[in-house]
Structures are given as C-alpha cells and as structure tokens.
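Novice: Make one complex out of these two single chains by using the hints.
Heads up: the sequence lines are chains X and B, in that order.
Just so we're aligned: the first sequence equals residues 101 to 373 in this note's numbering.
Just so we're aligned: the second sequence equals residues 2 to 170 in this note's numbering.
None of the hints are false.
Between beta-carbon pairs, the in silico distance windows are:
1. ALA165/B with GLN330/X: 46 to 52 angstroms
2. SER370/X with LEU53/B: 54 to 60 angstroms
3. LYS8/B with PHE112/X: 25 to 31 angstroms
Quick caveat, the hints were computed from the structure, so don't treat them as lab data.
Glycine included, every Cβ here is placed at the ideal spot set by N, Cα and C.
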Amino acid sequence: MLRFLIKYQVIFLFLLFEVLSFSLLVNGSYFQRAKVVSYTSDMTNVINGHITSFLQYLHLKEINASLAEENARLKNQLDWYLSKDTLVKKSSIDSTRGLRYSYIMADVVNNSTSKQHNYITLNRGRGQGVRPEMGVLSSDGIVGVVLSTSKNYATVVSMLNLNFKVSARLKRSGYFGSLSWDGKDARFMNLSDIPQQAKIKIGDTIETTGYSTIFPEGVFIGVVDSYKVQGGNFFQLKVRLKCDFKRLRYVHVISDFRKTEKETIESAISNEE
Amino acid sequence: MKNNLLKYTFIFIALVLVQQFVFNNIELNTYMNPYVYVLFILILPFTLNKSLLLLLSFVLGATIDLLSGTLGLHSAACTLIGYLRPFVHAIFTSREDFEQELVPTIATYGLAWFVRYSGFLIVIHHWVLFTLESFTFENYGTTIIRILLSSVLTLFFVILTEYAFSKQK
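In isolation and in its complexed conformation, chain B is listed as follows (with noise of 0.2 angstroms):
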C-alpha cells in the first residue's frame, strides 16, 4: 500500500512535468495538441475508492490548470472523466476479467482493450477541453476535428508511454 502511495506519487509529478515541459512545447499546429498526462486517471487500480479517484482526478487537473494559467479549463474534463471511468470500466469489460483483473494496463487487459478503453476516456476528455477552450459553438467543426485529431495523438503517445514502462517490470 506504501509502495503503491509512492508509485502513483511520481508518476503523477512525472507526468505534469512532461506535460508541462516536453508536451506543450510541441507545437505541432492548432489542431494537435497531445494530453498526455491523462494516462495517470487511466492506470489508477480499480480498486481505488471512487470519491478518492474523483479527488485526484480534480487535483490532476487542477495543476495543470495551476502551471498553464487556465484555471477550471482541465480539472472540468478531468473529473468528468474521473466520474465515469468506473462506468467505462463496467462497459468495456467483461464479467471474468472484471473479478480478477486491478490495474488497467495493457499486460493484464490486452491491446484492443486497453485501446477502445482509454481511447474512450480520452475522446470524453479532450471534447469538454476544446469546448470549453474556444468557449463557442461558432465554427464547432474545426474545433471537433480538433478534438478527434488531438484524441489520436494523445491515445498513440499513452500506448507508447503504456509499453515502455510495462517491460520494465
């Protein structure tokens, strides 16, 4: 339990810092802009107490939103992702591996799994995100296009970011 305390602690300092530093200075165009710092609602165990998970969810947000300037802007789709993670959950999984299975990875669930799982999750957050962003309905299909370009984008950088730590292990 302590070692999972300090686990989850760095990667959620880790991944602000990355977020932060290596990913909002990408810059490909208005159109791609990855969050990857989601992963970490992702990869908490289902396990996790929910109010719990919807604290951290806000907390998460709330410093991005802290170190960007934009107060409210991630910690809205943070938490509403926060909320239905448990509903995604009980969606996309069946009744065994539902049981057995308490942390979402690829490893224990699968890469088709963990893709139409996160890829869900990202596609709920990044759509409140570019909403709220631009503020207006006005031209709301490149603001869509945004949001489907940037979920892409974000889902291939979580995978990536997915494997490479679960072979360290």
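If we strip away everything but chain X, and leave its shape as in the complex, we get (with noise of 0.2 angstroms):
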C-alpha cells in the first residue's frame, strides 16, 4: 500500500491539492473571506495605504473639482431648505427627531474594478464607528456596502461585484427594480424587473429606493443608457453609472440610527406569517 501510494505520489498530491483548493472555493462564502482578509489584510493595508497617498497626491486637482462640485451642490441644497423651512422653524421642530443618518469620512486604500467579485478597502474600521452592512456612498452616488471591518480598516463590497444587489427606482415613474452588474464594464450596471408599462426614456435618472437600512432613500446612481425586453413582461435598463470606480478617493460610510428599529417591526411581520 506504501509503496503504492509512493509510486503514484505525484498524481496523489495532485488530487490532494485540487480537492482542497475546490472544496475551499465552493465553501468559500462571504463570510470565509471576511475572516481570511481580516487576518492577512492590516498588513497589505499598510503598504496599499502608502501606494493611495502618492496616488492621491497625483490626482488633486480632479480631487479638488470634485468637491468643488459637491461643495456647490450641498450650498444650493441648503439654501433651498432655508427658505422653506422658515415656517416650520416657528413650530419648533425637534431637529433631532428627523436626523437619520450619520456620515463617516473615509479614505479608499484598495479598490479592484477589473476583477468579476471586485472589493474595496477603506481606511476607517471597528474603532471609527464603521460596522458590517453599512452603505457607502461617494460624492458620485453609491458604492457598496460594508463587508467586514478590523480595528482600523473596513472590506467593502464593491457594487462591480457579481453577488451585489440592490433595489433601484426610476426617479420619474417610480417603477422599481433590481440593480446589479454583468462583470463586462465598470461603467455600466443593469437594472432588471422593471414592468414594460413604465415609460422609459433614454437620459431618465436611477437613485436608491430606501427599502433596504443601508441607503438611504433618492440618491443619485446613474441614468438610463440603453434598454431591452427581457422574457416576458419586464425591461432590462442599462445604467451608466455617475460614479468612476476608476477613481473612487474618497467615500462616506452611513449609518442608520433606525436601522435596528425598522428591522425589529419588519423580523415582527415575517414571525406572523
């Protein structure tokens, strides 16, 4: 039997090691790879935080025009608010009542776009307040949601990434649908499930529906490129993406203050059922 498996050690190996590779790549889940890139990856995130910093430095003046642009669009956004608020000023509304979400600054250490399960990492983590299944959004419109975190970076999943989903609206009709990607173009994502009676123009806008605690409601994605009959009665929308993943700096992580409470009434509604 030694002598057997002595003879025949190559093909044995072989088989050994092809059996374990398969067996942990169809085990492998979202979860496994949290635990393997929490163990090795504050190492590569040192160096990939130091490659970022001279690349950033390349890129300031994009940088620069970039906040530029969010800047002005935030200064027209509140000046709207001020002059419609003034009457509900007068009525004293308790300011933090309606206050939902919270914002964290972070800064892209890593970013894959060309792989098909693609992954960013940022670097803020446990000890800055970032969790797991927390959105992220850039000045350009969403980008992923949390993965895992170590104590001082997170692991996002990119939205160019074959296991993303998220639910997607026309701004127009309303109609809503699913948003995920095709692996081909980091510039497109295709929006399914959307009934052909809504009426699609080319140029019409896609932003988040807020059925989900991780996005809020109404953020800008994209708009329409092209579209097409899929089986049946649905349309598939091809998105153009406002968001370059190309050059994604700087994002904000969202935290949801009632993200427990709306998830305890809806885990009560499935309990009836």
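Specialist: Right under this line is the structure:
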C-alpha cells in the first residue's frame, strides 16, 4: 500500500491539492472571505495606504474639482431648505428627531474594478464606528456595502461584484427593480425587472429606493443608457453610473440610526406569517 | 544548492509582492488582468522533484489567495499547471535539448520555444482561473475573451521579465 502511494505520489498530491482548493472555493462565502481578509489585510493595507496616498497626490486637481462641485451642490440644497423652512422653524421642530443618518468620512486604500468580484478597502474600521452592512457612498452615488471590519480598516463589497444586488428605481415614474453588475464594464450596471408599462426615456435618472436600511432614499446612481425587453413583461435597463470607480478616492460610510428599529418591526411581520 | 534555495525564495517573494502591489493595481478593464506571478512555476529547474514542484505551485497559489481573499481560486489553477508542466516540457522539447538543459529560460531554449512552453501553461492557468472566478458557464464567450486577452498580456510581461533578468547574469 505504502509502495503504491509512493509510486503514484505525484498524482495523489495533485488530487489532494485540487480537492483542497475546490473545497475551499466551493465553501468560500462572504463570511469566510471576511475572516481571511481580516487576518491578512492589515499588513497589506498599510502598504496599500502608502501607494494610495502617493497616487492621491497625483490626482489632487481632479479631487479638488469634484469636492468643489459637491460643495456647490450642498450649498444649493442648504439654501433651498433654509428658504422653505421658515414656517416650520417657528413651530420649533425637534431637529434631532428627524436626524436619521450619520456619515463617516473614509479614504479608499485599495480598490479593484477589473475582477469579477471586486472589493474596496477603507481606512476606517471598528474603532471609528464602521460596522458590517453599512452602506458606502461617494459624492457621485452609491459605492457598496461594508462586509467586514478590523480595528482600523473595513472591507467593502463593491457594486462591481457579481454578488451585489440593490433595489433601485426610476426617479420619474417610481418603478423599481434590482440593480446588479454583469462583470463586463465598470461604467455600467443593469437594472432588471422593470415592468413594461413603465415609460422609459434614455437619460432618465436612476436612484436608490430606501427599502433597505443600507442606503438613504433618493441617492443618485446613474442614468439610463439603453434598454431591452427581458423575457416576458419586463425591461432590463443599462444604467450608466455617475460614480467613476476607477477614480474612487474619498467615500462616506452611512450609519442608519433607525436600522434596528426598522428591522425589528419587519421581522415581527415575517414571524407572523 | 543552497544558493538556489535562496535565489528561488527571493524570486517567490518578489513575484508575490509585485503581483499584489503592482499588477493587481493596473486595473485596465475586466478583460485584461495579468497574473505574472506564474513566472515562478515556469522557471523552476526541470531537475526539480515533481512532488516538490506541485507543492511549490500550490503554496504559491495559496499565498496569492490569502493576500487577495480568494481562497482556493489561484491555488487550483497553479496546482494544475504545476502538475502539467513536466508533460508540456516533454511535448515541446526535442530529445537532445531534453537531456541537456536544466533551467527553462529564453537564453537556453530560445524565444520560440519559451513562448510555446509558457504560452501553453499560461493559457491553461488563466482558463481555470477565470472560469472559476466567474463560476458560471453563462456568457462563456466573454470569459473566453477574458482568458485570451489576459493570457497575451501575462505572456508579454513574463517574456519582458525573462529578458530583463537574463541579461544581468
């Protein structure tokens, strides 16, 4: 028996390694990845952080422009709210009651766009209040969802990941569907399951629905680039993302103060059924 | 022997680092992802024990997997080409060369041979890698384009690296 093993040791080793690899691959889940990454990534993240800070320096001009643009947009919004709220203010609304989201600023330390399952690493982690399942936004739209955190870093499932799905809607008509990536082009995503009675124009705005507690409602995602009929009565829209993932530098992690409250009441419904 | 051990350990570490911090950051598009670290498996001496070759291939793949958080993906692809390498060597090499040369480099075997030998192994590696990465046969056409374009790019970098380092010796 032993002689047999030694004689065919190469093929046995080969089979052993392949079986080991495949079992890791097939059982590999988000959870497993999260665990592995939390062990190895702190080391690589430090190096990636240096590379990124160097690259950021090269892109200062673009970053400045996008920040200025966001600033202008926020100022406009602020003006709009201030002009509207004069009446409401007098009736002294408790402003903290309306406060639902808080934002944590983070740098993108590592980011991939060319794999099938892309992930982003941020330089904020558990210590700064980032928790798994929080949403991540850039100034140009949604980016992904936090998968796992270490003390100072967080791994984010990028929107450009075959496993990523989020509900999104047409701003004009309110019809909603499921937004996902087909693994081909980092500039486009597909919004499927839009009923055919929805009137669609090229250039229509796509935004988030707020059905989940991950993203706030009405965050801009992109515009309709083209659409086609998808088996039966549904449209599939090709959405051109506003967010350029290849140039992602700064993002915000969103925490929802009412997350637990909403989830508790929703789980109460599913328990009754 | 001891010198060799040191040399290949250095190459191993260098290739893993370069893959992780340079080639993984290139990000051209979803179709062109070079995995130049396979160079390590390609240039191991032919006198190496086959079991040891397999073990080294697996360890190389597993290291890349650990760093990028894709357990089993690269190790499956690397193990396969580690297993196939002796056969590929036998197919592409004439009888006289087979006896003489111990290290597979451009300098010893010539460019044409090296392109055939490494091209074949790189395509197999990428074929396994990208098929497993997408984990579906849906849209397999795009996966095939991805395999071919990435292989060409990897081969280009592999040959470039080979030239760069063979000159110095």
